[in-house]
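Colleague: Letter by letter, the chains look like this.
Protein chains: 2
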Amino acid sequence: MKKIIIASTSTLHNSGYLEYLLPTLAKHFEKATSILFIPYARPGGITHDEYTEKVRKAFTTIHKKVTGLHEFENPIEALQQAEGIFTGGGNTFLLVSELYRNNIMESLAKVVNNGTPYLGTSAGSNICGLTMGTTNDMPIVYPPSFRTLGFISFNLNPHYLDPDPSSEHMGETRETRINEFHKFNPQPVLGLREGSWLEVNNDSIVLKGHLTARLFKQNEAAIEIAPETELNNLK
Amino acid sequence: MKKIIIASTSTLHNSGYLEYLLPTLAKHFEKATSILFIPYARPGGITHDEYTEKVRKAFTTIHKKVTGLHEFENPIEALQQAEGIFTGGGNTFLLVSELYRNNIMESLAKVVNNGTPYLGTSAGSNICGLTMGTTNDMPIVYPPSFRTLGFISFNLNPHYLDPDPSSEHMGETRETRINEFHKFNPQPVLGLREGSWLEVNNDSIVLKGHLTARLFKQNEAAIEIAPETELNNLK
Chain G
1 MKKIIIASTS
11 TLHNSGYLEY
21 LLPTLAKHFE
31 KATSILFIPY
41 ARPGGITHDE
51 YTEKVRKAFT
61 TIHKKVTGLH
71 EFENPIEALQ
81 QAEGIFTGGG
91 NTFLLVSELY
101 RNNIMESLAK
111 VVNNGTPYLG
121 TSAGSNICGL
131 TMGTTNDMPI
141 VYPPSFRTLG
151 FISFNLNPHY
161 LDPDPSSEHM
171 GETRETRINE
181 FHKFNPQPVL
191 GLREGSWLEV
201 NNDSIVLKGH
211 LTARLFKQNE
221 AAIEIAPETE
231 LNNLK
Chain B
1 MKKIIIASTS
11 TLHNSGYLEY
21 LLPTLAKHFE
31 KATSILFIPY
41 ARPGGITHDE
51 YTEKVRKAFT
61 TIHKKVTGLH
71 EFENPIEALQ
81 QAEGIFTGGG
91 NTFLLVSELY
101 RNNIMESLAK
111 VVNNGTPYLG
121 TSAGSNICGL
131 TMGTTNDMPI
141 VYPPSFRTLG
151 FISFNLNPHY
161 LDPDPSSEHM
171 GETRETRINE
181 FHKFNPQPVL
191 GLREGSWLEV
201 NNDSIVLKGH
211 LTARLFKQNE
221 AAIEIAPETE
231 LNNLK
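Residue numbers (UniProt numbering), protein chains in the order written: chain G, 1 to 235; chain B, 1 to 235.
Hints are computed from structural coordinates only; laboratory data are not their basis.
Just so you know, these numbers come straight off a predicted model, no measurement behind them.
Errors might be hidden in some of the hints.
If chains are identical, the list can't say which one is meant, so a pair holds when it fits in one copy or spans any two.
Cross-link-like lysine-lysine pairs, in silico, DSS-like; alpha carbons within 27 Å at most [said to hold, decoys possible]:
{"no.": "1", "residue 1": "K2", "residue 2": "K31"}
{"no.": "2", "residue 1": "K183", "residue 2": "K3"}
{"no.": "3", "residue 1": "K27", "residue 2": "K217"}
{"no.": "4", "residue 1": "K235", "residue 2": "K110"}
{"no.": "5", "residue 1": "K235", "residue 2": "K54"}
Kindly generate the complete structure, drawing on both the sequences and the hints.
Modeller: Structure representation (structure tokens):
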């Protein structure tokens with residue numbers, strides 16, 4: 001049994017950190033009094049303490065305590081005892097490197113597959129797919145592998161951005177990049193726009209939020225997926 | 001002695017492939033009758049043959065023959081015998097993976113350091129820096145290392161894009177990403193806008209084109225660098 005929220009972003013334009021998700025999170029984490037936060041992705045390079053403090057403030061409004069995984073001497077034990085787990089956004093290369101360096105990728109997968117409620121945003125969502133191969137982030141550190149948690153049988157592209165038809169910039173669009181990915185990798189890629197998230201309950205995977213998501217499959221034209229679509233057979 | 005052109009992009013908006021650079025390239029490669037092209041970065045996943053054909057057409061206008069490195073049984077020998085070398089853009093992760101897989105990263109560095117004229121555009125420019133850690137590309141394949149050719153003692157960010165103040169997208173700006181890079185890596189990063197290139201002649205490194213470039217140093221505010229600035233002491 002799995003209970004997972006995979007969000008494109010933590011923050012919407014003109015809204016507070018996690019604000020749009022808080023009603024959903026109050027229900028998602030209803031049995032937890034405390035959330036274990038994984039601060040490894042360090043957005044903008046902020047410290048683990050600074051990042052954990054930011055998350056603590058947001059979760060106070062739904063009456064949850066927050067502890068940072070970096071505060072524990074034994075992170076595997078901390079994961080095993082957690083009532084709920086949140087991995088925040090930042091740099092996916094850094095996050096994946098630190099999960100491997102601390103030897104907890106496997107333990108994290110295990111406890112979440114066994115039912116510990118999990119929330120990921122941005123980089124913390126990227127790692128829910130089969131690999132981090134469709135992240136938008138800059139490769140600022142070299143991880144020992146691109147393989148990630150595989151809670152879903154496809155890859156994600158959070159913060160999905162539609163091509164800007166007025167742009168004169170010659171860098172690749174997001175769609176071009178994902179099509180390149182499919183020249184070398186078979187798994188589908190779901191482009192999650194900011195404000196969208198997936199809710200995973202056991203074998204059910206449902207698109208939530210008001211926006212459509214863009215689904216890319218190898219050798220097929222991309223299509224738009226409506227909110228409330230079931231994606232459990234996507235692989 | 002080194003003779004290198006490191007260009008942000010192959011193509012400007014509303015202009016043909018390499019068109020804006022051709023007068024410069026005619027001079028840069030004046031002693032070469034034939035150019036060895038490294039097609040490994042495969043933009044949009046096109047084949048080595050397709051990519052080489054595109055480059056062949058562009059170089060015909062300045063009367064140079066083009067051969068693809070993939071056409072040779074012994075790529076190291078091909079590099080050693082080349083009169084001029086061009087590495088085109090595409091995906092930097094793929095390019096670096098293929099350079100290592102074919103065991104030619106070292107040979108390429110050696111012949112260019114010994115004077116074979118080199119041109120890089122986009123991904124082919126990224127590899128001229130110390131590492132590929134400031135590429136904009138998607139990690140579609142896993143390279144054995146992020147270390148690259150080190151023709152210059154800093155890193156590059158080709159296709160440099162200024163932040164869009166009207167954007168409501170919450171993904172990181174290029175400047176934010178480069179600042180994150182500097183939390184973990186000491187070397188300067190030069191953001192090269194489309195239309196800019198570096199000319200390296202022995203120890204001289206000069207910014208060319210009409211635009212300024214944006215220079216990021218660890219623990220310093222970013223500054224704009226004017227065309228014709230000497231960057232030989234940048235490290």
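Colleague: Could you check the structure against the hints above and give me the numbers of any it violates, in ascending order?
Modeller: Violated hints: 2, 3, 5; rest satisfied.
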